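A.B. asks: Residue-level listing of the chains:
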Amino acid sequence: MRNKVTGYRRPAPGTQPDYLFAPYASTVKRAPTQPLVMLPHTLTEATGPVFGHDEVKPGDADLTRQHKAEPIGERIIVSGRVLDEDGRPVAGTLVEIWQANSAGRYPHRVDQHDAPMDPNFTGCGRALTDKKGRYRFVTIKPGEYPWRNHYNAWRPAHIHFSLFGPAFVTRLVTQMYFPGDPLLERDPMFNCVPDERARNRLISEFDWDTTIPETALGYRFDIVLRGPAHTPMER
Amino acid sequence: MTLQATTSQTVGPYLHIGLTWLIIENLARAGVPGERVSIQGCIVDGEGKPVDDAAVEIWQADAKGKYGQKGFRGFGRSATDAKGRFRFKTIKPGRVPGPDAKLQAPHIAVNIFMRGQLKQLVSRIYFPDDPANGGDPVLALVPAKRRHTLIARKTKSGSLDWNIVLQGKDETVFFDC
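Protein sequences, first through last, are from chains A and B.
Using the numbering used here, you'd call the opening residue of the first sequence number 1 and step up by one each time.
Using the numbering used here, you'd call the opening residue of the second sequence number 1 and step up by one each time.
Fair warning: there could be bad hints in the mix.
Within a straight-line C-alpha distance of at most 20 angstroms, the following computed DMTMM-like cross-link-like pairs (lysine to aspartate or glutamate) qualify [what the hints assert, rightly or not]: (1) B:Lys70 with A:Asp54; (2) A:Lys29 with B:Glu47; (3) A:Lys29 with B:Asp52; (4) B:Lys92 with B:Glu35; (5) B:Lys89 with B:Asp176; (6) A:Lys131 with A:Asp86; (7) B:Lys64 with B:Glu35; (8) A:Lys131 with A:Glu55; (9) B:Lys154 with B:Asp130; (10) B:Lys70 with A:Asp60; (11) A:Lys141 with A:Glu55; (12) B:Lys169 with B:Glu47; (13) A:Lys29 with B:Glu171; (14) B:Lys83 with B:Glu171; (15) B:Lys145 with B:Asp129; (16) A:Lys4 with B:Asp100; (17) A:Lys132 with A:Asp86; (18) A:Lys131 with A:Asp111; (19) B:Lys83 with A:Asp111; (20) A:Lys141 with A:Asp207; (21) A:Lys29 with B:Asp170; (22) A:Lys29 with B:Glu35; (23) A:Lys141 with A:Asp181; (24) B:Lys49 with B:Asp161; (25) A:Lys141 with A:Asp114; (26) B:Lys145 with B:Glu171.
Distance ranges between label pairs, derived from CB positions [said to hold, decoys possible]: (27) A:Pro35 with B:Gly158: 28 to 36 angstroms; (28) A:Trp208 with B:Gly94: 48 to 56 angstroms; (29) A:Pro146 with B:Ile23: 25 to 33 angstroms; (30) A:Pro35 with B:Arg29: 35 to 43 angstroms; (31) B:Gly158 with A:Ile212: 56 to 64 angstroms; (32) A:Pro182 with B:Lys156: 55 to 63 angstroms.
Output of the computed footprint for chain B on chain A, the stretches with three or more beta carbons under 8 angstroms from beta carbons of chain B [said to hold, decoys possible]: (33) 10–17; (34) 168–181.
No lab work stands behind these hints: they were computed from the structure.
Here the structure is a predicted model, which is why all the values come from computation and not from measurement.
Where a beta carbon is used, it is the ideal one built from N, C-alpha and C, also for glycine.
Looking at chain A on its own, in the form it has when it is part of the complex (with noise of 0.2 angstroms):
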């Protein structure tokens, strides 16, 4: 049996963070201390799954319409495409987004910070990217909130970002940020890479394209996933 599998690409120096990031308190426990085991790409790890429209409807995309009244908070929309490091868009994979209300707080047990709850805002929504790789979001600007690691400790706003690509191995967290925010250079996560450039490839771009007169701001994230490796390895 001789099959090929094409590979994917393994990140350049300083653009993906390491376990350990001390000044992020909570790698200190949980960040493997023992080396990695270098694993080759094998169909396993150069496949995924695949979502449909059965799972993400359209409303999904809408995190202000999911209650009875909207949301309270600054409207905007949040889109973008989804590459891989070729430039070629990802299509019909799932984005997957969650993130506080407009007074920085989540509806969470876990989240004790005394800022409102809003009933009508639950900061979770979903897509799936079209042919051209695009999804669009329409959501309100999260808060800023407090957090425990270090004195005065603040998140500059974000939301959550999870997506799949067409590999086991492009599957990808982050979080994206919002531009001019003066908590970007005290935060932790965001600082946990050393190449400045990825660091500011998290920070959305205002855009006037998207944005709605009379309803709604619009931000612009663009989001690389993985791509493959251009020689195929020989198996």
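Start from chain A and add chain B according to the hints.
C.D. replies: Relative to the frame of chain A, chain B by itself:
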């Protein structure tokens, strides 16, 4: 055009809000061919404390060793409970090709997400007493004294236990992939 993959960030403590709509702990409907297996386990951190805020995702082939088949997608997602436990009901996968055209032993790929991890942990579950384990090309890459951390243990009830130990004695093998 060459781009760089977006930097990974942690799922944080509120992952349930975004991810629990797609909990799939029962992967195989009635009628899907294959040997039924129940796999459960516990995640513990470097202090031995259960990790109650993690999501575990699995990806596996069907009983014939084929990925992404109609009727058996092969994807599962579980969120840990207060005791750090996750669970799946599935079928034992068939063998799939590995490097050098050698067949791999039956295995399940695992992605683990939690607060305190800036990117997912990657591991594999292998099956106890499978004669193919000895010749598995991926297990062969793992130091012999750590291989047992990738092989589930059979319980008295016949289900499989596979724990995820983040640090210390019997620390689970995680892959750079």
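A.B. asks: So does A:Pro35 sit 35 to 43 angstroms from B:Arg29, Cβ to Cβ?
C.D. replies: 40 angstroms, holds
A.B. asks: Within 20 angstroms, alpha carbon to alpha carbon, are A:Lys29 and B:Asp52?
C.D. replies: This hinted pair holds, its Cα atoms lying about 14 angstroms apart.
A.B. asks: Checking one constraint from the list: CA of B:Lys89 to CA of B:Asp176, max 20 angstroms. Satisfied?
C.D. replies: 27 angstroms, violated
A.B. asks: Does A:Asp86 lie within 20 angstroms of A:Lys132 when you go C-alpha to C-alpha?
C.D. replies: 14 angstroms, holds
A.B. asks: For a C-alpha distance cap of 20 angstroms, please report whether B:Lys70 and A:Asp54 respect it.
C.D. replies: 14 angstroms, holds
A.B. asks: Does A:Lys29 pair with B:Asp170 here, judged by a C-alpha cut-off of 20 angstroms?
C.D. replies: Holds, at roughly 15 angstroms.
A.B. asks: Three residues or more, CB to CB closer than 8 angstroms: is that satisfied between the region 168–181 of chain A and chain B?
C.D. replies: holds (count 7)
A.B. asks: Take the C-alpha atoms of B:Lys70 and A:Asp60, compute the straight-line distance between them, and say whether it is at most 20 angstroms.
C.D. replies: 25 angstroms, violated
A.B. asks: Holds or violated: B:Lys92 and B:Glu35, Cα atoms, limit 20 angstroms.
C.D. replies: 6 angstroms, holds
A.B. asks: Does the Cβ pair A:Pro35, B:Gly158 satisfy 28 to 36 angstroms?
C.D. replies: 35 angstroms, holds
A.B. asks: Are there at least three residues in the region 10–17 of chain A whose beta carbon sits under 8 angstroms from a beta carbon of chain B?
C.D. replies: holds (count 5)
A.B. asks: Quick check on a hinted range of 48 to 56 angstroms for A:Trp208 and B:Gly94, using CB atoms only.
C.D. replies: For A:Trp208 and B:Gly94 the Cβ distance comes to about 53 angstroms; the hint holds.
Violated hints, in rising order: 5, 10, 11, 18, 22; the structure is consistent with all others.
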